[in-house]
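Student: Protein chains in written order, with the working numbering: chain U, 1 to 198; chain C, 199 to 768.
Treat each hint with caution, since some may be false.
Unchecked claim - With a Cα cut of at most 25 Å, we get these calculated PhoX-like pairs of lysine-lysine:
#	chain 1	residue 1	chain 2	residue 2
1	C	Lys205	U	Lys178
2	U	Lys148	U	Lys178
3	C	Lys266	U	Lys178
Worth flagging that the hints you see were computed from the coordinates, not collected in a lab.
Residues per chain are reported as follows:
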Amino acid sequence: MTGYTAEITAPDRTREIADDVLVTRFQSGDVDAFRLLLERYTERIRNLVYSVLHDADLIDDVTQEVFIKAYRALPRFRFDASFYTWLYRITINHCRDIMRKQKLRRSLSLNTLLEVRDRELTAKTSVPPVDTETGEWIHRGLQKLPEKYRTPVILKDMEGFSYEEMAEIMQCELGTVKSRLSRGRSMLRTWLQPILEG
Amino acid sequence: MTRSSKKYISLQLSLYLDGQLDTRERQEIEKLIEQNANVRAEYEGLRTLRTLLAERKPLPENPFLPEKVMNRIRNEAEDEDRALPVPRRFMPVVAGLSLVILAAIATFAWLQREDIFHYVEDTGSQMQQAYEESGLQGWIMPLFEQTDRDEVLQFAMFGTLPLDDQDGTVLRVDEHADSGYRVELARDTAGAPRASLEELYHQIKPTPSQRRAFDTLFSYAQKQIESSVLMNQEQELAIDPAISKYHKVILSGIAASLDQEQLVRFEEYLSRRNTPYTFVSQTAKSAPPPPPPGRVIEHFRTVRMPEEFVVFTRDSIAYARLHLDMDSLRRIMKVMENRMPRFDVRVNDLARTVSVRGNRGEQVLPREAVRVMSRGGDRGEHVITISIQSDAAVIREMESEMKEMMHEVMILKREEAYLVQKALRHSRPARPARPGRSGVPGATDSRIEVTVNIDSMVMHMQDGMKQFELQMDFEQLRLHDGDSARHFQWKHFVPREEMRMIDSLLREHRQQFDQLPRQLRMEIEKDLRKDLRDTRIAPPEHRAAPLPHAPDRMVLPPPRPAREDTARNI
Numbered sequence: 001m002t003g004y005t006a007e008i009t010a011p012d013r014t015r016e017i018a019d020d021v022l023v024t025r026f027q028s029g030d031v032d033a034f035r036l037l038l039e040r041y042t043e044r045i046r047n048l049v050y051s052v053l054h055d056a057d058l059i060d061d062v063t064q065e066v067f068i069k070a071y072r073a074l075p076r077f078r079f080d081a082s083f084y085t086w087l088y089r090i091t092i093n094h095c096r097d098i099m100r101k102q103k104l105r106r107s108l109s110l111n112t113l114l115e116v117r118d119r120e121l122t123a124k125t126s127v128p129p130v131d132t133e134t135g136e137w138i139h140r141g142l143q144k145l146p147e148k149y150r151t152p153v154i155l156k157d158m159e160g161f162s163y164e165e166m167a168e169i170m171q172c173e174l175g176t177v178k179s180r181l182s183r184g185r186s187m188l189r190t191w192l193q194p195i196l197e198g
Numbered sequence: 199m200t201r202s203s204k205k206y207i208s209l210q211l212s213l214y215l216d217g218q219l220d221t222r223e224r225q226e227i228e229k230l231i232e233q234n235a236n237v238r239a240e241y242e243g244l245r246t247l248r249t250l251l252a253e254r255k256p257l258p259e260n261p262f263l264p265e266k267v268m269n270r271i272r273n274e275a276e277d278e279d280r281a282l283p284v285p286r287r288f289m290p291v292v293a294g295l296s297l298v299i300l301a302a303i304a305t306f307a308w309l310q311r312e313d314i315f316h317y318v319e320d321t322g323s324q325m326q327q328a329y330e331e332s333g334l335q336g337w338i339m340p341l342f343e344q345t346d347r348d349e350v351l352q353f354a355m356f357g358t359l360p361l362d363d364q365d366g367t368v369l370r371v372d373e374h375a376d377s378g379y380r381v382e383l384a385r386d387t388a389g390a391p392r393a394s395l396e397e398l399y400h401q402i403k404p405t406p407s408q409r410r411a412f413d414t415l416f417s418y419a420q421k422q423i424e425s426s427v428l429m430n431q432e433q434e435l436a437i438d439p440a441i442s443k444y445h446k447v448i449l450s451g452i453a454a455s456l457d458q459e460q461l462v463r464f465e466e467y468l469s470r471r472n473t474p475y476t477f478v479s480q481t482a483k484s485a486p487p488p489p490p491p492g493r494v495i496e497h498f499r500t501v502r503m504p505e506e507f508v509v510f511t512r513d514s515i516a517y518a519r520l521h522l523d524m525d526s527l528r529r530i531m532k533v534m535e536n537r538m539p540r541f542d543v544r545v546n547d548l549a550r551t552v553s554v555r556g557n558r559g560e561q562v563l564p565r566e567a568v569r570v571m572s573r574g575g576d577r578g579e580h581v582i583t584i585s586i587q588s589d590a591a592v593i594r595e596m597e598s599e600m601k602e603m604m605h606e607v608m609i610l611k612r613e614e615a616y617l618v619q620k621a622l623r624h625s626r627p628a629r630p631a632r633p634g635r636s637g638v639p640g641a642t643d644s645r646i647e648v649t650v651n652i653d654s655m656v657m658h659m660q661d662g663m664k665q666f667e668l669q670m671d672f673e674q675l676r677l678h679d680g681d682s683a684r685h686f687q688w689k690h691f692v693p694r695e696e697m698r699m700i701d702s703l704l705r706e707h708r709q710q711f712d713q714l715p716r717q718l719r720m721e722i723e724k725d726l727r728k729d730l731r732d733t734r735i736a737p738p739e740h741r742a743a744p745l746p747h748a749p750d751r752m753v754l755p756p757p758r759p760a761r762e763d764t765a766r767n768i
């Protein structure tokens, strides 16, 4: 008799309910609905935060803050956009704020500059988000891009958003999205040319 | 951007990669890729880049993060709820009511605007007038703005407040035995020893509840001292003559909240530091009834703002009324923090000017009892002395304030007794109370630490417990040590010298005296003190003479022989 094992897995219930339904339930007072949304998007937001900021120390804190912001703003959500583009917009805006602060700090203090540099170096050596040298080069290349060119590259090539969704997240015109994405890709290609050709 | 420019081609390549071009554009770019090696290389590079970006590996998951976020959300919600004055569900009602009340106030204010404007205008001009009439100009600041607690204790024990450590200038207050009170601004040539609260606590070992009572007492004293001596822009000085009594009030407050054993240690401490005062006791039964609870709260919570000041200017001395708002003064001081003047320099300068210009020996103010003198000190420095001579009103006020303070401390003690009683009810089987007495018997050997502070007292008052507690008779207070006459007593400060005189008078008859009933002993002591004071009434020329410079202790004239007769008659 040949035995067999059956692996029974619980169905992913969170996938069964659409975001909009969960948002409506949350707006009617069901806090658990927010937990389902949170579980659904936590990892995606963590990865997005890492791609934008490239700082392993900040990932979880920033993700927490993003969801806290979302929790506070969700009662006012009007379904003008989809929930996840709205959540990505909050994330991108929050990351922008953080980068602005970091930039200010860098310009104010040499010590902070050195600290940030050390932290970046530590992050690069201690967290292996990609297991190849190429992955690391790509992240470093992304960090070299100005934020306005980096975001469309991440949203399109890493997160797979459409141009319309990107325009919604970045809160700009479609034409701007196209030109910024093209510019970002070109700059990144120039930076990574040795790898791409190698 | 022309169709042949590099930017345009890059854009088209990017769009082509994402499938965003229409048929015609797609054909154009495909043709270009095929024909132009550079464009082809760029296209290949972009395609590889997109593949690499899409292939990036995700971060290791953090499965605890959602729970952390939810916890933080819950905590924040709880914090917000706690911060709300009413439950969240009532907030709309409260907000609505607030709006209605606000609208009503606004309407009332609008309708009464003429009256309000007049009131504000009148009050402002009255205050300005009062200030100007007092002869003071410009800003005015408290001289002892940041008195620390050690300095307050120093003041309580020796009556001196340091004005300038470097120069040794102090403000000194003193009770001049039979002739009233005295305030001096002078160099402290004698150099009274420094007192420290830590040292006092080490000596008397206060319980936490006593410490809290002291905290309130010291904070009260700090504020009172702050509002009692002020200086203005023109180096004019205003002193509340009542400052001469505060040091005794503070000492009384400390003594009245101590138990018998601590009192002994406190007296030892005062004696070792050679303070000018010691205390005698008086039974609680002879004291007036305690003040109503509301008054107690008020007294502790508000500081009496002095209104009548002795004002020194460069060429005049006046007794004036000043209406000052200490809160706004503090705000101004905060603003002026870095531009504060050197008060010590100004005071020394003022003393010198008054001394040189006046050289009148003394000046009698409109209020007869107050006498102000300026003169040269032993070492060439200048001294201003305010002597409040035989001012019965001030002395009576001081006495009543001391008693009031002690009443309050007594209430604290009874609060403590009441709580001990409550605690004992739980810890011991209840015994039947004797008719007419509600005390707890058999508890004299118990020591239970009960935390009582003034805030808790206020709370108890608010919920009605205090009313019950106030009705307790003194018999109940036996709970503490079984001897209410010894334990619950008013502390009345008398000059140490006076006590020594009585002791010397009684020396020969000590044994006989000690055998007398307690009440009789106290009456005899009281009479003796009165007789002693009578003997010290100085002739008028003595009172008019300048006071001796900065005595640390009062030197009493020897008793007249007639007094010895009194002692022999015991």
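Student: Which numbered hints turn out to be false for this structure?
Tutor: 3
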